[in-house]
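Enquirer: Read top to bottom, the protein sequences are chains A and B.
Just so you know, the first sequence maps onto residues 1 to 274 in our numbering.
Just so you know, the second sequence maps onto residues 1 to 145 in our numbering.
Possibly wrong hints are sitting among the right ones.
Stated by the list, open to error - Simulated coverage check for chain A against chain B, where a stretch passes if three residues somewhere in it have a Cβ under 8 angstroms from a Cβ of chain B: (1) 59-67; (2) 92-98; (3) 117-127; (4) 208-215; (5) 229-237.
In short, the hints are calculated from the structure, not lab data.
Ideal Cβ positions, reconstructed from N, Cα and C, are used throughout, including at glycine.
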Amino acid sequence: MFVEILVLSMFAGVAGALLGLGGGIIIVPALTLLIGLPIRYAIGASIVSVIATSSGAAAAYVRGGLANLRIAIGLEVATTVGAVSGAFIAGHVPVRLLYITFGLLLAYSTVALLGRVRIELPGDVPFDPLAGRLRFHGEYHDQVLGRRIAYTATSVLPGSLMMYVAGLMSGLLGIGSGLFKVLALDVIMRLPMKVSTATSNFMIGVTAAASAGVYFSRGDIHPLVAAPVALGVLAGAWSGTHVMQRLRNTTLRKLFVPVLAVISVEMILRGLGV
Amino acid sequence: MDSESSAVSVSPAAPEAHDAPDATARVLGAVLRVGVLISAAIIVFGVVLFVHRRGAGAVLFGPRSLPAGSGEDPSTIGELLDALRNDVHVPAAVTDIGLLTLMVTPVLSVVVSLIAFARERDWTYVVLAAIVLGMLALGSILGHV
């Protein structure tokens with residue numbers, strides 16, 4: 001069991017580091033369906049996976065200048081407020097309606113992202129005074145294009161709203177906040193895709209850390225399940241960061257779109273009770 | 001043009017602000033790296049202890065079922081310390097300490113960011129990072145209620 005989980009987690013780590021996700025969307029079905037573990041240990045392991053992906057990938061992305069610290073901390077305010085308000089209203093809102101709502105939101109985002117699949121760099125974006133005031137700009141060295149790319153965020157308020165939804169979702173359902181973060185950064189705020197996934201990677205660990213203690217004290221984090229997940233995901237995320245810097249922004253989006261599409265369908269189906 | 005160049009030379013913060021992100025990124029990268037390596041080392045040590053007690057076959061390639069219930073698991077800091085002191089469930093306790101170290105790492109990165117922003121005298125971001133830490137604290141308190 002240990003070795004199987006370790007190998008599965010490596011794949012989750014690579015995917016998470018590339019796409020800015022925590023890997024929970026891979027870990028939970030893999031552990032429940034393939035390994036046959038109870039759902040509570042799978043969800044506990046997915047929290048560990050999110051934190052391992054985030055810390056493992058962000059260590060490289062922060063140094064490489066791909067993860068933007070100001071954008072991450074600034075938007076993490078919206079996300080953590082969302083997570084806490086999600087925890088407040090959890091139990092008072094119908095879960096199936098949530099799945100349908102979030103699923104439809106993701107389906108809409110899939111279409112929006114499809115229109116952007118061929119865009120390598122955002123180019124000049126509409127000026128947003130708030131982005132200027134918060135210094136939501138930066139530059140990174142693009143290994144594929146072989147030059148430094150300067151970028152500036154736009155639509156900071158709508159992006160923050162999406163970040164709030166990302167936090168709300170992780171507070172209410174415990175999954176998928178990475179998806180919404182990448183969408184907020186890429187589709188709404190129009191950052192380069194690499195900066196979006198790297199910055200999301202930095203953020204998801206902070207969001208997950210808020211609820212990790214709860215899962216731990218509930219006993220949902222089983223050492224012999226969480227240990228191979230943590231080690232496998234860390235190794236996978238570390239290698240994923242090396243792969244990501246060699247990929248085009250367009251390639252990353254092409255990998256992201258099918259993942260997004262599958263999850264939105266999965267969520268809508270779950271909401272409908274299929 | 002004139003006013004721009006004078007603004008740059010008058011403001012002492014400008015050159016600092018230009019250099020600072022790299023230094024901050026280096027420190028932050030180092031903190032994340034060290035956190036990850038230490039937690040991974042402790043987790044590996046825990047797994048080695050599991051293997052030592054139960055045998056490599058049982059732990060690494062064992063059947064697809066969980067050994068014992070979760071009752072075996074120390075799940076609070078107090079229980080962890082008790083487990084180590086009384087020499088019971090030591091492999092689980094050591095592994096859990098490694099996992100907890102991993103979980104603390106992202107929080108630590110926000111603390112490091114806050115300190116870095118303070119050194120840059122970027123008070124807006126000191127406040128924003130403090131709000132994030134406050135929300136993390138609030139979230140964990142709410143979760144325990």
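Enquirer: Now tell me if each hint is right for this structure.
Expert: Status of the hints after comparison with the structure:
no., hint, verdict
1, 59-67, "holds (count 5)"
2, 92-98, "violated (count 0)"
3, 117-127, "violated (count 0)"
4, 208-215, "holds (count 7)"
5, 229-237, "holds (count 3)"
Violated hints for the displayed structure, listed by number in ascending order: 2 and 3.
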